[in-house]
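Enquirer: The lines below spell out each chain.
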Amino acid sequence: MIFLILIYAFIFLINVPGLIKRKEWRELTAFSILYVIAFTLGLMYVLDIPIPSPMKGLQHLIVDILGIEYPQG
Amino acid sequence: MGKKMKIILKCLLFFFMLMTLSGCLSAREINDLEIVVGIGVDKDEEPGKILLTAQVVKDTAGRASENGSEGDGKAFWNVSSRGNSVFDAVRQITYKTGNRLFISHNKAVIFGYDIAAEGLEEYIDYFLRAHEMRPTALILVAEGRASDILNIKPEIEKFPAFNIAKLVDSYVFTSNFYKVNMKEFASCLMSDTSAQMAPLVSIAQDEESNDIYMSGMVVFKRGKMVGKLTHDEVRGLLWVLGKVTSGVIIVPSPNGQGKAVLEIIKAKSKVTPEIKDGKIVIHIKIKEESSLSEQTTTENLADNKALEKIQEALAEAIRREIMLTFDKSRELDADIFGFGEMLHKKYSKEWKYIKDNWDEIYPTLDLIIDVEARIIKTDLLKKPAVPSEGEK
Amino acid sequence: MSIEKGTISSQQLLFLMAGFVQGSVLLIDFTVGITEHQTWMVILAGLAIAAPVVFSYVVLAKRFPGMNLVQINDMVYGRFLGKAISIYYIFFFMMTLSFNIRDVGELYITFLMPDTPFIFLLIVFTATCAYAVTKGIEVLARVSHLFVVTGMLVITSTFTLLTSQMDFSNFLPLFELPFIRMFQGIHIVSAIPFGETVAFLMIMGCLNKTEHAVKSTFFGLLIGAVSLLIVAVRNTAVLGRTQAIWTAPSFQTIRLIDIGTVLTRMDFLIGIAQTILIFLKCSILFYVLAVALSHLLGLKSYLPLVLPIAGIEVIIAATVFQSPVDHAMITQNAGIIYSAPLIFIFPPLSLLIANIRGLPKNGKG
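Residue numbers (this note's numbering), protein chains in the order written: chain A, 1 to 73; chain B, 1 to 392; chain C, 1 to 365.
One should not assume that every hint holds.
Among the chain B residues that face chain C by a calculated CB cut under 8 Å, a handful are [as the list claims (entries may be wrong)]:
hint, residue
1, 135
2, 183
3, 186
4, 191
5, 291
6, 293
7, 296
Quick list of simulated restraints, FRET-style, between CB atoms [as the list claims (entries may be wrong)]:
hint, chain 1, residue 1, chain 2, residue 2, range
8, C, 142, A, 3, 27 to 37 Å
9, B, 6, C, 142, 16 to 26 Å
10, A, 4, C, 153, 48 to 58 Å
What the hints contain is simulated information worked out from the structure, not anything from laboratory work. Even glycine gets a Cβ: it sits at the ideal position worked out from N, Cα and C.
Construct the complete structure from the given sequences, taking the supplied hints into account.
Expert: The structure is reproduced here in structure tokens:
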């Protein structure tokens with residue numbers, strides 16, 4: 001969606017030129033990695049690709065595998 | 001490059017925010033709203049369907065100034081629809097109104113007699129769950145069809161629903177029925193033992209016009225209507241609940257001729273349940289203050305001895321009202337006083353065993369009523385205007 | 001070596017903490033489904049349990065002045081284990097932040113603006129938090145005064161306006177509910193409003209003077225707890241049995257305010273107060289997350305990370321649960337179980353190990 005592109009272009013423009021000018025390469029790498037993750041997630045959301053929920057995984061781990069659960073009701 | 005770029009970016013950002021933040025997607029302009037002030041639910045002729053009547057405010061401001069008169073004189077419009085459920089019917093009303101109903105201002109929900117008899121639990125959920133409904137909305141039962149009640153045009157108020165709300169609020173004057181809002185009704189429904197109540201609205205048919213009036217209360221058990229309470233029976237209930245605010249009590253005057261009429265000024269009640277030797281006893285203590293407002297006898301009642309006798313008669317009358325109500329509730333086997341919940345709060349361990357058999361236990365309850373009635377003033381007369389024989 | 005150049009005073013710490021706990025006011029509404037009319041007891045018990053735990057946080061922070069959680073972990077557990085634990089914490093901050101953002105979205109979607117697309121609410125809210133975070137902790141600390149006072153005002157005024165509708169017999173019978181439910185309730189309350197203050201371990205490094213840290217933390221926690229208690233008592237007294245069926249009891253309670261036909265329809269008031277308080281909580285969590293992550297990666301400043309993190313958080317918040325029901329069910333079970341080690345075990349353990357190993361050694365850090 002257009003919003004997605006706009007927002008991420010905006011984020012890019014705010015952060016990157018400053019980082020490059022100040023030669024903060026480490027920050028730039030960290031930023032890029034997170035940026036790519038965020039953009040991918042956003043894209044998946046917009047394209048209706050189901051995103052796995054970490055909590056569902058945790059819930060599965062804790063309740064089904066470890067068997068710890070509060071009784072319902 | 002850096003500074004200019006920043007300024008451009010900031011401008012873009014502001015522009016973007018201006019576009020997106022200055023509105024509200026759910027905004028509905030006032031003239032697009034169909035403001036509902038009253039809702040009525042009845043059973044439809046088709047089985048399984050309900051007839052929903054919504055009283056919508058008509059925007060007559062523009063029209064009145066054009067015509068100079070108010071057209072057919074109604075400032076409201078009762079629009080109805082049929083549906084398989086309450087929410088279904090609410091949405092189907094859009095076929096007739098062209099807009100969704102705005103029920104945030106709804107003052108009262110009136111259920112028809114037939115629906116109340118069948119059981120409200122199927123129909124009450126929407127009114128609690130809908131996010132526009134407020135828990136302060138009143139709930140009533142019509143002695144007949146709710147749509148008829150909503151059609152009666154009141155003399156003073158502009159909208160029948162406002163009129164009904166006003167009538168319900170008038171309970172403070174007579175203490176012959178009381179106000180039930182959605183939250184209280186839901187609270188009673190949730191209880192295992194209490195019987196729910198709602199005021200009953202009826203139409204008095206005179207020769208010229210139909211007026212609505214509050215004719216008592218309706219008793220439900222688990223959502224199904226099981227009986228009615230008359231005005232006096234309701235007052236007996238209100239004595240116990242401590243909700244009596246004002247009203248009229250008539251007792252025979254001490255000399256046996258005529259009546260003494262008293263106005264209740266204040267009443268307090270204290271109810272203590274007690275389990276003694278396997279029997280449940282409810283101690284009720286009523287403290288009441290009233291004033292002598294009218295007497296139909298010529299004897300001067302404004303002296304201490306006479307007042308004492310009247311106070312005794314008064315206490316006896318109150319006791320009788322309470323027992324009358326209790327007997328009626330025993331007959332209906334409905335715990336309208338909430339004794340069950342009081343027991344629950346005090347004896348929570350025993351309650352676990354009692355509550356399953358409450359229907360059998362309730363009629364066996366013993367009431368010990370202790371009334372303290374005081375007459376604290378006699379209004380503006382010291383002696384009656386018509387002197388009695390002994391004084392002439 | 002510290003990323004944050006700002007410092008905060010003890011009083012600001014107090015208000016930050018109070019506001020943080022107050023931000024969980026709506027959480028009490030979710031606990032009511034489990035503890036019904038005994039919620040007030042659960043809050044007091046949760047406070048009693050959380051107090052010593054939070055005390056351990058402060059003592060730990062005082063022992064390592066000027067250092068934050070990531071640095072402390074590195075020192076106490078060594079580089080590898082320390083980093084692993086810090087990653088666990090970062091995951092926790094990330095998920096908690098997304099839960100809270102989602103909470104705000106759910107609040108609006110259920111009550112105030114049901115037609116607005118969920119994701120827009122999340123984006124706007126998160127963007128505002130991100131902006132606040134870029135300004136630094138000092139700014140947050142300064143506004144926390146205002147937010148806490150506003151929150152207290154709203155809570156106490158709604159309480160007073162409703163006294164006529166309160167029925168204190170609704171609190172009886174005491175001790176009716178089975179103990180397991182109380183235990184779960186106590187776990188939830190000690191973990192979520194109070195336990196999440198473990199995030200402050202990232203902030204206490206910025207205190208300019210650590211003498212009054214314990215007092216400030218304690219009073220901040222107390223103010224927050226009192227706010228929660230007032231809300232719980234108000235809701236139970238007014239709604240009685242129906243408390244357990246509404247999605248958000250606080251809202252319904254406020255809707256019942258009806259004084260003189262003038263003071264009605266005040267639910268927007270609690271909406272505003274709640275939004276402000278959750279905003280403070282989210283901003284703090286966001287800040288903590290950004291600083292922790294940037295420390296872990298060895299960056300000089302956390303600023304570049306803010307916006308991407310915001311983007312990630314928005315999507316997580318939008319997708320992690322399917323509905324408020326899902327949210328409640330999972331947080332009340334798995335949510336508090338996975339966070340329990342972080343809140344209850346690691347900080348006291350760190351303190352213990354630091355004591356044994358005699359950390360921090362002079363000349364280090």
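Enquirer: If a hint holds in the structure, say so; if it doesn't, say that too.
Expert: Hint check results:
Because the closest C-beta pair between residue 135 (chain B) and chain C is about 5 Å apart, less than 8 Å, the hint holds. The interface hint given for residue 183 (chain B) is met, as the beta carbon of that residue sits about 6 Å from the closest beta carbon of chain C, less than 8 Å. Evaluation of the residue 186 (chain B) hint against chain C yields a held restraint, the C-beta minimum of about 5 Å falling below 8 Å. The interface hint given for residue 191 (chain B) holds, since its Cβ lies 6 Å from the closest Cβ of chain C, which is under the 8 Å cut-off.
Interface restraint check: residue 291 (chain B) against chain C, minimum CB-CB distance 26 Å, threshold 8 Å, status violated. Because the closest C-beta pair between residue 293 (chain B) and chain C is about 28 Å apart, greater than 8 Å, the hint is violated. Interface restraint check for residue 296 (chain B): the shortest CB-CB distance to chain C comes to about 39 Å, outside 8 Å, so the restraint is violated. Between residue 142 (chain C) and residue 3 (chain A), the C-beta spacing of about 33 Å keeps the proposed range 27 to 37 Å intact.
Restraint check, residue 6 (chain B) to residue 142 (chain C): a C-beta distance of roughly 25 Å satisfies the suggested window 16 to 26 Å. A hinted range of 48 to 58 Å is violated for the C-beta pair residue 4 (chain A) and residue 153 (chain C), which are about 40 Å apart.
Of the hints listed earlier, those the structure fails to meet are numbers 5, 6, 7, 10, in rising order.
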